[in-house]
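Asker: For reference, the chains in residue letters:
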Amino acid sequence: MKKKIKSFKPAICLILTIICLQLFLFFSSLVYAHKVNTHAYREGDKIFGECYFVDGSPCKNSKVEVYNFNGQKILETTTDEKGKYSFITKEKDGLKIVISAGEGHRVEYKIKEAVDRKEVKEHITKDKKSQVEPKTWVGRDEMKQIIDEVVDVKLKGLRNEIIDLRKQMDKINLRDIIGGIGYILGIWGIIMFIKRKKNAS
Amino acid sequence: MHISEGVLSAPVLFAGAILSFIGVALGLKKIKNEDIPKVAVLSSAFFIASFIRVPIGPTSAHLLLNGLLGMLLGWSAFPSIFVALVLQALLFQFGGLTTLGVNTFAMAMPAVLSYYIFRGLLRRSKNLAFLGGFLGGSLSILIATIFISIALLETEKSFIGLAWTLVAMHLPIAIIEGIITGFVITYLKKVKPEALG
Chain A
1 MKKKIKSFKP AICLILTIIC LQLFLFFSSL VYAHKVNTHA YREGDKIFGE CYFVDGSPCK
61 NSKVEVYNFN GQKILETTTD EKGKYSFITK EKDGLKIVIS AGEGHRVEYK IKEAVDRKEV
121 KEHITKDKKS QVEPKTWVGR DEMKQIIDEV VDVKLKGLRN EIIDLRKQMD KINLRDIIGG
181 IGYILGIWGI IMFIKRKKNA S
Chain B
1 MHISEGVLSA PVLFAGAILS FIGVALGLKK IKNEDIPKVA VLSSAFFIAS FIRVPIGPTS
61 AHLLLNGLLG MLLGWSAFPS IFVALVLQAL LFQFGGLTTL GVNTFAMAMP AVLSYYIFRG
121 LLRRSKNLAF LGGFLGGSLS ILIATIFISI ALLETEKSFI GLAWTLVAMH LPIAIIEGII
181 TGFVITYLKK VKPEALG
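As given, the protein sequences belong to chains A and B, one line each in that order.
Under the working numbering, think of the first position of the first sequence as 1, with each following residue one higher.
Under the working numbering, think of the first position of the second sequence as 1, with each following residue one higher.
Honestly, the hints are just simulated from the structure, not real lab data.
The beta carbon of each residue, even a glycine, is placed where N, CA and C say it ideally should be.
All the given hints hold, so there is nothing to weed out.
Now the in silico label distances, taken between C-beta atoms and shown as ranges:
#1 A:Arg175 x B:Val191: 27 to 37 Å
#2 B:Ile117 x A:Lys195: 23 to 33 Å
#3 A:Gln145 x B:Gly161: 47 to 57 Å
#4 A:Gly139 x B:Ser9: 58 to 68 Å
#5 B:Gly120 x A:Asn160: 53 to 63 Å
#6 A:Ile162 x B:Pro193: 50 to 60 Å
#7 B:Val191 x A:Ile162: 46 to 56 Å
Using the sequences and the accompanying hints, generate a full structural model.
Answerer: Rendered as structure tokens:
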């Protein structure tokens, strides 16, 4: 038995070299297979989204289908050169976005139902009514608009950051790859163990 | 090359699963105990090969090495590729658990075919062995793309168009892999000719 395993050494060495070479290529960032990902967020009636492969490259001109809560197709659009897409919908319930990037690549993303702004606003106004009206030079509506605008601008940066973070999380990391190799060798070890037991009995 | 979840219809998935099951069972039966280290190492080589991406056109293609596996393992390429695909699906969501059967068959069957077609060449002179390795390595990929196109036939409608784009996309990869496989085969022929038997 020992002899036989020994005789496999050159072959195994060679293949291990191939693996090492591949790991080296991993570092030169040539890696990443092509899983597709997408994220989207809601802003009023408008929905913005972005679709990209795990390495961060965009899915250009891919078909985007939008389904409502009951699984009915509402509308269809395509991504632009940067993999971004946006559409307007009155649907307040949850939405399901399905993007097919061709050659069997497909990704689904669910958007939660919209927070009803009116409700929030009413809540705020009720609270405010109970308080003494503050003395301001700006009208209440105007103030609200200003706040909305400022918050939107601030949130945009945050949203981009979240998308970037998600992209990074979706990237393949070396730890998983090495772990995967370990699993494979382990599985074959178990198979060998079972086979040997069978032969012995 | 990996078909994602939710793309194929149930009959296609079922057919792929059954065909792969037969292949895996046959492969497992044929493996000799002392060959298992070789199978395991090639299995992990296949696992990693998918991370090496070559950007071509709108999407990207990656190495497969299924030809190399087929040349060295024969029917054992089936379980070898299957194990690697399970882990790719679980760890990285490449392909998916339901499409495992279709993906395994599409990649392992060309490997087995090239084993039977080009095995004779490997025992000849060094140059012919290289040629055998090159043809086996590159044709395995191209046949795999055709299998994938057949599986996608129902979803994509235009078979010829899809098959052409897939083949064209994988042509550079096929050539690269052919060269890799050829060199590995000639090297093995020098240091350990019985591995090619």
